[in-house]
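Just so you know, the protein sequences line up as chains A and B, in that order. Read in full-length UniProt numbering, the first sequence has 106 at position 106, and its numbers run on one by one without any break. Read in full-length UniProt numbering, the second sequence has 288 at position 288, and its numbers run on one by one without any break.
Don't read these hints as lab results, they were simulated from the structure. It should be emphasised that the depicted structure is a prediction, and the values quoted were computed from it without experimental measurement. Among the hints, erroneous ones may be present.
Repeated chains share a single entry, so a pair holds when one copy, or any two copies, can fit it.
In silico SDA-like cross-links for lysine to any residue, where the CA-CA straight-line distance does not exceed 20 Å [said to hold, decoys possible]: (1) 112 with 378; (2) 294 with 270; (3) 336 with 23; (4) 112 with 401; (5) 283 with 300; (6) 336 with 19; (7) 112 with 100; (8) 336 with 16; (9) 10 with 335; (10) 336 with 208; (11) 112 with 404; (12) 355 with 24; (13) 244 with 413; (14) 112 with 99; (15) 212 with 191; (16) 355 with 328; (17) 15 with 328; (18) 336 with 22; (19) 15 with 329; (20) 355 with 25; (21) 112 with 354; (22) 336 with 325; (23) 212 with 194; (24) 244 with 296; (25) 212 with 197; (26) 112 with 94.
Protein chains: 2
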Amino acid sequence: MSLEEKIIIKAAQAKQAAFALAVLSTEAKNQALHAMAAALEARSSLILLENAKDIDVARKMGMSRSMLDRLMLNEERILQMAEGLRQTAMLPDPIGQGIGSTLRPNGLEIRKVRVPLGVIGIIYEARPNVTADAAGLCLKSGNAVILRGGSEAIYSNQVIASVITKAAYEAGVPEGSIQFIETTDRQAVRILLNLNQYLDVIIPRGGAGLIKAVVTNSTVPVIETGTGVCHTFVDASANLEMAKNISINAKVSRPSVCNSMETLLVHEAIAGDFLPLVIDAMKEKGVEVRGCEKTRSYYGGLVPATEEDWQTEYGDLILSVKVVADLDEAIAHIAKYNTKHSETIVTQDYTNARKFQQYVDAAAVYVNASTRFTDGFEFGFGAEIGISTQKLHARGPMGLTELTSAKYLISGEGQVR
Amino acid sequence: MSLEEKIIIKAAQAKQAAFALAVLSTEAKNQALHAMAAALEARSSLILLENAKDIDVARKMGMSRSMLDRLMLNEERILQMAEGLRQTAMLPDPIGQGIGSTLRPNGLEIRKVRVPLGVIGIIYEARPNVTADAAGLCLKSGNAVILRGGSEAIYSNQVIASVITKAAYEAGVPEGSIQFIETTDRQAVRILLNLNQYLDVIIPRGGAGLIKAVVTNSTVPVIETGTGVCHTFVDASANLEMAKNISINAKVSRPSVCNSMETLLVHEAIAGDFLPLVIDAMKEKGVEVRGCEKTRSYYGGLVPATEEDWQTEYGDLILSVKVVADLDEAIAHIAKYNTKHSETIVTQDYTNARKFQQYVDAAAVYVNASTRFTDGFEFGFGAEIGISTQKLHARGPMGLTELTSAKYLISGEGQVR
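With the sequences and hints as input, model every part of the structure.
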């Protein structure tokens with residue numbers, strides 16, 4: 001059997017399962033999530049054994065320490081995965097929720113209700129916990145899922161998928177609801193991206209390269225996630241202590257994630273006071289600061305920032321800094337370079353705060369808060385499958401609701417047109 | 001300048017205009033819509049002159065009468081176009097509408113508001129009124145639009161686009177908000193489909209061939225519209241007179257549109273009574289009826305229906321009929337062959353009505369009403385840009401709301417994470 005035939009069989013099974021999953025009761029889905037959690041805990045030594053194989057290969061290939069850290073599992077991380085599934089069980093079931101209804105003049109009653117998307121493909125890298133998280137969120141929202149993890153985590157993903165799939169099936173979830181692509185052959189991704197007959201949507205989770213490859217090659221609808229060139233703009237009227245704290249938090253608290261800051265924009269009027277304050281603090285935290293010409297005139301010894309810097313998601317302890325003449329220049333810089341993820345202004349000026357939120361085009365636009373809050377849990381969704389940076393279907397953090405579609409139910413008594 | 005360069009210039013202008021359009025006041029947009037309507041009326045003789053050129057070419061190429069009818073404009077149709085723009089002006093502006101807000105435990109206030117999608121590409125065929133309709137709906141929803149009509153209507157589309165673009169600009173709409181691709185070179189579509197840097201979404205409107213080509217070749221997100229293999233299932237408990245009326249309406253009232261019926265499914269228990277009733281009535285209306293083997297055992301002289309019939313959107317006065325053993329067989333047939341558009345059951349059985357609406361996967365699932373009601377105006381949206389048959393972003397008739405995205409506005413007082 002060719003690779004394509006094998007994948008089509010899995011996709012067809014998922015599609016078949018999706019019909020039954022769409023009408024599975026909330027109670028049955030929650031029981032399965034608890035069973036999956038318990039199975040992960042019960043098989044933790046097996047999971048750690050398989051994870052050790054991935055770590056071993058990765059070490060031999062010279063993987064960086066931060067990548068190794070993402071890949072590595074331990075008892076605590078397995079408990080967290082299990083806990084995540086239990087939390088998903090506790091969230092309200094979006095399926096069947098009414099989104100509105102009308103009674104038309106001709107007597108037709110029209111209701112709009114949430115239904116699953118159908119079959120969701122998740123293509124992801126590195127962190128093996130995505131296998132359990134994504135499977136749990138898709139199950140709760142009544143969707144079948146096809147998981148395709150990165151080759152670096154193949155042993156870990158495989159054993160996690162196997163454990164949760166078995167537990168879900170035994171708890172009454174339709175067979176085929178959770179599919180895992182076991183090959184590391186890159187061709188498998190290409191095949192998935194064109195299975196329009198079986199897949200309703202593909203969500204890539206990973207680096208910019210993965211996401212671009214999926215967007216470019218997929219004929220199945222894609223929800224683009226995650227790249228973030230996020231800015232903090234410190235306005236002339238900003239409380240400088242607040243601006244420093246927000247900047248440090250946005251850059252330093254977790255530089256590898258998409259909602260962290262890459263570029264700091266500073267109003268010229270306070271540049272002389274603020275730049276020394278913030279750059280000293282950044283350096284203390286080990287941040288490499290690159291500055292525009294003006295920035296360097298206020299603070300000596302910085303690496304010059306180039307055109308490339310404004311476009312770069314460092315994902316690391318590096319920061320580019322630019323001095324701007326006013327709010328309009330800040331907005332224009334953001335419009336040119338941002339990835340429509342998260343942007344913040346620090347200001348005490350009411351009009352500027354309002355204008356920034358209205359004019360900046362991004363999923364999340366902040367006033368006086370760190371961009372690091374763009375996250376499904378921080379937004380109160382109780383879960384997150386990724387952060388959409390596109391405008392279609394979902395924007396910003398995606399919870400269970402974003403994994404649903406809708407249908408209209410129309411009830412009449414013989415109406416014709 | 002190459003074709004690609006020309007189109008990129010238009011797309012870049014549209015993207016630039018979209019920033020200003022996103023914050024244009026409702027009042028300014030409405031004034032522009034009224035000005036566009038007045039301009040269409042004032043230039044109606046010029047529009048008819050240009051339309052006559054299209055009709056002339058089409059006649060020489062032997063275009064069918066029904067296609068010619070779609071292409072043809074007259075004074076009344078121009079007045080309708082203008083009236084459509086005025087109606088769009090009267091609809092509520094979706095931009096800025098709040099979709100919910102929360103106050104988080106840490107004091108962050110999170111609001112979700114509607115914003116435009118940005119730049120919308122519309123690729124359409126035949127009817128020149130789409131040029132005005134689509135431009136009006138995109139303008140009202142704060143989106144820039146790139147219009148690409150079919151070559152058969154090039155003269156008509158060009159003059160309509162020119163008249164409304166000029167009127168909109170003079171009324172204060174940002175320059176570049178309405179773009180029209182003037183070439184009939186098919187390469188232009190290919191170029192548009194890959195301008196991810198400029199376009200946020202592409203909506204194809206036309207036949208199955210056009211839609212498939214767009215879905216297959218576009219890297220820009222697409223909203224699939226319009227193909228409809230719709231079914232009517234007449235259950236054992238149906239009121240047969242109601243079932244006949246609904247079937248006739250669904251097939252005959254406008255066979256060329258996507259919400260009309262292609263296949264009639266009849267419960268075996270009432271096939272003997274119902275088939276003669278409905279087939280006689282269909283024949284009286286000039287419908288060619290093709291039947292499965294069982295259907296033909298109840299009603300002699302019908303053309304046999306083949307596997308291909310169940311898959312076909314006739315768009316014409318042709319109907320395929322299948323006798324099924326029960327509700328489950330009807331649901332299974334629909335799951336196998338429908339295009340997820342509109343489906344209806346005629347029944348007096350409460351449990352079957354409920355099961356049909358729950359189990360059938362389609363944008364609109366009816367009980368005791370004609371599928372012909374799947375339409376933005378009939379649903380009370382006041383407008384329609386097309387009918388989505390995909391599950392992502394929009395499903396069923398798309399009004400102004402479906403032409404929007406959202407953003408989160410988060411206000412704090414120095415919160416960090």
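What are the numbers of the hints that this structure violates, sorted from low to high?
-> Structure breaks no hint.
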